[in-house]
Amino acid sequence: MHNFDFVKPSSIADAVKALSGDGAQALSGGQTLTPTLKQRLAQPSVLVSLTGIAEMKGVCMGADGLSIGAATPHAVVAREAAKDYPGLAALAGGIGDPAVRNRGTIGGSLANNDPAACYPAGVLGSGATIVTNKRKIAADDYFQGMFTTALDEGEIITGVTFPVPQKAAYVKFNQPASRFALTGVFVAKFAGGVRVAVTGASNNGVFRWTEAEAALSANFAAAAVEGLTVSPEDMIGDLHGTPEYRAHLVKVLTKRAVAAAH
Amino acid sequence: MPKDTGIGASSKRREDIRFLSGLGNYTDDMQVAGQAHAVFVRSTVAHGRIKSVGTKTALGMPGVLAVFTGEDFKDVGGNPAGWLINSRDGTPMKEPKRPVLAHGKVRHVGDAYAAVVAETLQQAKDAAQVISDETEIEELPAIIDMAQALADSSNRVHDEISDNQCFDWGWIEDNRAAVDAAFKSAPHVTTLELVNNRLVPNAMEPRASIGEYFPGTGDYKLTTTSQNPHLTRLLVAAFVMGIPENKLQVVAPDVGGGFGSKIYHYGEEALVLAAAKQIKRPVKWTAERSESFLSDAHGRDHVTKIELACDKEGNFLAFRTATLANVGAYLSNFSTATPTFLHGTLMAGPYKVPHVYVNVKTVFTNTAPVDAYRGAGRPEATYSLERVIDKMCRELDLDPFEVRRKNFITTDMFPYTTPVGLAYDTGDYHATLDKAMELADVAGFEKRRAASAAKGKLRGMGLSTWIEACGIAPSHLVGVLGARVGLYDAATVRVNATGNISVMVGAHSHGQGHETVFAQVVAEQLGVPESSIEIVHGDTSKIPFGMGSYGSRSLAVCGSAMTKAVDKIIAKGKKIAAHMLEAAEGDITFADGKFSVAGTDKAKTFGEIAFSAYVPHNYPLETLEPGLEETAFYDPANFTYPAGAYICEVEVDAETGKVEIASFTCADDFGNVMNPMIVEGQVHGGVGQGIGQALLENTSYDENGQLLTGSYMDYAMPRADDVPFYVVDASCATPCTHNPLGVKGCGEAGAIGSPPAVVNAVIDALHRGGHKVAHIDMPVSPARVWSAMNA
Amino acid sequence: MTTVTMTVNGKTVTGEVEGRTLLSGFLREGLGLTGTHIGCDTSQCGACVVHVDGKAVKSCTMFALDAAGATVKTIEGMANADGSLSVIQQSFQDHHGLQCGFCTPGMVMSSAALLAENPKPTEAEVRHYLEGNICRCTGYHNIVKAVLAASGQDVPAVAAE
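First to last, the protein sequences are chains A, B and C. Numbering-wise, my numbering puts 129 at position 129 of the first sequence, and it's gapless, one number per residue. Numbering-wise, my numbering puts 184 at position 184 of the second sequence, and it's gapless, one number per residue. Numbering-wise, my numbering puts 80 at position 80 of the third sequence, and it's gapless, one number per residue.
It is worth saying that the hints were derived from the structure and are not from the lab. For clarity, every value in this text was computed on a predicted model and none was experimentally measured. A few of these clues could be false.
[Unchecked claim] Straight-line C-alpha distance at most 30 Å; calculated DSS-like pairs for lysine-lysine:
#1 B/352 - B/391
#2 B/312 - B/772
#3 C/11 - A/83
#4 B/658 - A/251
#5 B/455 - A/251
#6 A/83 - A/189
[As the list claims (entries may be wrong)] Computed from the model, here is a short list of chain C residues facing chain B with C-beta under 10 Å:
#7 14
#8 16
#9 18
#10 78
#11 89
#12 90
#13 97
#14 102
#15 118
#16 137
#17 142
#18 145
[What the hints assert, rightly or not] One-sided and incomplete, this derived list gives chain B residues near chain C with beta-carbon spacing under 8 Å:
#19 205
#20 290
#21 422
#22 423
#23 684
#24 720
#25 723
#26 726
Don't be surprised by glycine CBs; every beta carbon is placed ideally from N, CA and C.
Only chain A is shown next, with the shape it has when bound in the complex (with noise of 0.2 Å):
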């Protein structure tokens, strides 16, 4: 990879300092990035790492709902959301793999917006806010396609707050090879209607699936998306699956994720 200065900055000030120089890119976790960064595909003069800020890390319960530090890795999302946030915390206990979810945190996978990612799902399915260090962005407005999000440039996710739904569940189809969402549904069950998004299957990438939230408010039951279908189109296509296999997964994944929502 090329090289450049690496720093490590302790406060989100020191941070927004350091990501306005010409070249700067943040790395939050760098499971993705450091890849990327090795095949020179990026080219960062200094990187900017933001997992040394102590007030961007955990995670808490508060009136608005469950707030994350955007630079909490996925293991202790796992573990401290699992009481208040089951459904949220069984999601990152299923990224990648335990060494991966040690490093990567919720802040670095919604800046970069894989479209086979999944926190994108919990966060669109859960209807979340997210923090930066200049404003709030509600989840409907935040992601715009594969690797397309609401941010600036120099803008950095400090949290992310989720209103807690009453029952949700995301249930994951591996792509068997990166065991990233092959398509992956969050189903989330709130008091004024039910949300699905998702993640893996979309051109677009995270999307939510309107008509199965609409049939589910109605009727939180798997049978209340059986007589719906999804549209194949501006579906993924690739040596993993069709674009049909992909609408027929999101049908399959969302009955299963009403079916496991607590």
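Assemble the complex: chain A is given as a structure, and chains B and C must be docked to it using the hints.
Same frame as chain A, now just chains B and C:
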């Protein structure tokens, strides 16, 4: 009572201590003083004409010591194919030169056309990037599909080979008419077209090489990730570089797996030697995994049509196959033997089928070279046979177990000569099938199926009965078949003056545990503790000669050489003992580490004899040389023929198409077993790879020749949660009749027998679930299963 | 170049590294601890797993400077104080949980991390936990067995479940 030492004991592996302590010594672990780093510049297009290689800027970059291109090696020899195969019409195969670095054309993505040597790895990489950017290659249409390659002579991988065909081989051509006649008159014919999927071997240690040159003596040293250092030395010396064999030392230190991919000599090895000589410093290269995917020899990649002729009761009358075998862009060292003599000769399986004919066309394409990968040709043969038999059973509504049983060669028929030219010496195929059925509880299947159904899963059971020819190989026979080398092996047993023993073996251990097992064998023979024996391998300067480890040959061939060398030690020891004990040589017996005069209590220990050989004060010097060291070469009289029966049960999730292995049972006949623990481990590993081939592993090139599965992000390696605990058994042993230990070989078995068992089980599950799916090509991925179910 | 200091296998070590120097590179080339292996470049194979502040991490996917001040344990630091193999290492030998040995250091480090988190894992938990460690030799059978045995469980009983 299991033994705790010697032959048959599950001795713990001595090599494990260093591996478990982080003290292994793999090639990349070595830092040779003054070493520089080589990086290869690889083609990003599958097929192209090199207009210019952009070396100029790179030569001036920081730390760059040298840059090489194909031009620098255009006058050295090519890396040869080890087997000459003749086409059906008698013409010899086409053998394009395989250069150290591509010259004139690049022929696959990853084809190295230049190399940079620099002070640091990063400097070399920086320069390689610049060369890549500044090189001009005129892209040509990629030749990927085999059938298209044969049909279209306007586009050629090698300009001089008009039809992209290496050879068109018939086995056995003289039998063809009789086979065709058998099909014409057969009451039933089952036909199946299938793909044996291309695999990337993926030894966990990527290839690496360090070249050294010693100007004072003109000697070279190559440290490299090889399964056979002597073969590499031979190829580099005699064919590629012209370095005198006695000026080149090849060392294969700890090697992290091979599975075939490290048999072959690769251009990177020649480059580091040439570079070391030019810059007069050691030069090191280590592949990154993405580089391994592009440049290691791949495996399998056959497209086959197989036909089975039989009567209505399922008695086999004939097999006939037509296969296209991909050799990739260049001929790798064993690539012409793998689809022919390691494949066609096995096409009778363990069955008393009277007529067999095999046709294989090998095709050049703009893909990485394809060569032997664990099993090499025999998995392809077994898969074709066991799948078509399974299909026939379904067509005729016959029991697959009974069909195998009625067609097996029976124990009274050995030695048995097959219609494809092999002479099986011994076996008991009914015994292994019975054992597998007992261990797999075939009788209880219906109950398990019902339990799976209650969970919403489709359960199926698949059978595969397999045989292979290994213990490679009798030189006289392979010579007739086109081999350009002998396939004997060698060992030296050196009894040191203090009585401990060094055994230098030509076999190379890269996971097989030779350091432990070979010591067990020698300990048994000499009646001395295993701990007094050291096995030395992997260094041409220390061991006499050897053809290395592959083809389940180490114990059957090299172990036999070792055993013969020990016999010579004992014979000499008897002479020494006769002198010391003042007895006739014929009266000396050797047992339990002691030389005794028969019928007396007069005896000398092994240690006393060894001491006497090196301190010959009371010694028959007039008739016997001092010292106690013997070398033996062993050339096997025949192949060995391990065989077995594998039963797989799967559960299929009908909604997603995902297949889970519910159980996997193996009953094998490996002949005599030296270390049961290690034999079981070999089977586990082979089955794991076979399940990988059946369910997960797919090597996919797009139409432009880009490798779509070039990393673990897209090439699905079996993980711990993809496989179950396996049930393995090797108790149905019929010892090999022609080697001293009665061993047959176990390294490849699992990878040979398992893929058809898995696929047969999946098809069975689908049929039981009402889905009349005739066949699904490997890997039987969830998406493919789902598509087949919903076709 | 930047100076980095960390504790590796109980010793304080200091070295000069670049920004891009990976922890694996610092361990292997900087400290000569070549037991930590590099088997891939996409953070999948796990041959490079070490413990950083008690947690299993892929050292090829962490920069050396990100480990400044951390406590790192590698395969070379796994033996007992008297030099004998630790329980998990010994169990790998006893149950033939390794063949070529290349994935072994990472496999041992991941297994040790599992047992620290979950002292009596089920077979399924072992298999799931090791999904980030690829072995090409063993078919995983004896690795899973070794981990279960190291946890003090009766292996055949667990295997039969």
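Against the structure, the hints come out as follows:
1. Of the supplied pair hints, the one linking residue 352 of chain B and residue 391 of chain B holds, its CA atoms being roughly 19 Å apart against a limit of 30 Å.
2. A distance of roughly 21 Å separates the Cα atoms of residue 312 of chain B and residue 772 of chain B; the hinted pair therefore holds under the 30 Å criterion.
3. With a C-alpha separation of about 38 Å, the suggested pairing of residue 11 of chain C with residue 83 of chain A is violated against the 30 Å cut-off.
4. A hinted pair counts as satisfied when its Cα atoms are at most 30 Å apart, and residue 658 of chain B with residue 251 of chain A qualifies at roughly 16 Å.
5. At most 30 Å may separate the alpha-carbon atoms for a hinted pair to count; residue 455 of chain B and residue 251 of chain A meet this at roughly 19 Å.
6. Between residue 83 of chain A and residue 189 of chain A, the direct Cα distance comes to roughly 17 Å. Compliance with the 30 Å bound is thereby established for this hinted pair.
7. The closest approach between the C-beta of residue 14 of chain C and any C-beta of chain B is roughly 19 Å, which is over the 10 Å cut-off, so the hint fails.
8. With 10 Å as the threshold, the beta carbon of residue 16 of chain C stays out of range of chain B, its nearest partner Cβ sitting at about 13 Å, so the hint is violated.
9. The interface hint given for residue 18 of chain C is met, as the beta carbon of that residue sits about 8 Å from the closest beta carbon of chain B, less than 10 Å.
10. Below 10 Å, beta-carbon pairs count as interface contacts, and residue 78 of chain C has one with chain B at about 8 Å; its hint therefore holds.
11. Annotation: interface hint on residue 89 of chain C holds; nearest CB of chain B at approximately 4 Å, less than 10 Å.
12. Hint on residue 90 of chain C holds. Least Cβ distance to chain B is approximately 8 Å, under the 10 Å limit.
13. A least Cβ separation of about 9 Å between residue 97 of chain C and chain B falls short of the 10 Å threshold, and the interface hint therefore holds.
14. Interface restraint check: residue 102 of chain C against chain B, minimum CB-CB distance 3 Å, threshold 10 Å, status holds.
15. Taken as an interface hint, residue 118 of chain C does not check out: its beta carbon lies about 15 Å from the nearest beta carbon of chain B, beyond 10 Å.
16. With 10 Å as the threshold, the beta carbon of residue 137 of chain C comes within range of chain B, its nearest partner Cβ sitting at about 5 Å, so the hint holds.
17. The closest approach between the C-beta of residue 142 of chain C and any C-beta of chain B is roughly 6 Å, which is under the 10 Å cut-off, so the hint is satisfied.
18. Checking residue 145 of chain C against chain B: minimum C-beta separation of about 8 Å stays under 10 Å; hint holds.
19. With a cut of 8 Å, the hint placing residue 205 of chain B at the interface with chain C holds, because the nearest CB-to-CB distance is about 4 Å.
20. For residue 290 of chain B, the suggested interface contact is upheld, since its CB lies about 6 Å from the closest CB of chain C, less than 8 Å.
21. Interface restraint check for residue 422 of chain B: the shortest CB-CB distance to chain C comes to about 28 Å, outside 8 Å, so the restraint is violated.
22. At a threshold of 8 Å, the smallest CB-CB gap from residue 423 of chain B to chain C is about 32 Å, leaving the interface hint violated.
23. For residue 684 of chain B, the shortest C-beta to C-beta distance to chain C is roughly 4 Å, which falls under 8 Å, so the interface hint holds.
24. Proximity of residue 720 of chain B to chain C holds as hinted, the smallest CB-CB distance being about 4 Å (cut-off 8 Å).
25. The closest approach between the C-beta of residue 723 of chain B and any C-beta of chain C is roughly 6 Å, which is under the 8 Å cut-off, so the hint is satisfied.
26. With 8 Å as the threshold, the beta carbon of residue 726 of chain B comes within range of chain C, its nearest partner Cβ sitting at about 6 Å, so the hint holds.
Checked against the numbered hints above, the structure breaks hints 3, 7, 8, 15, 21, 22 and satisfies the rest.
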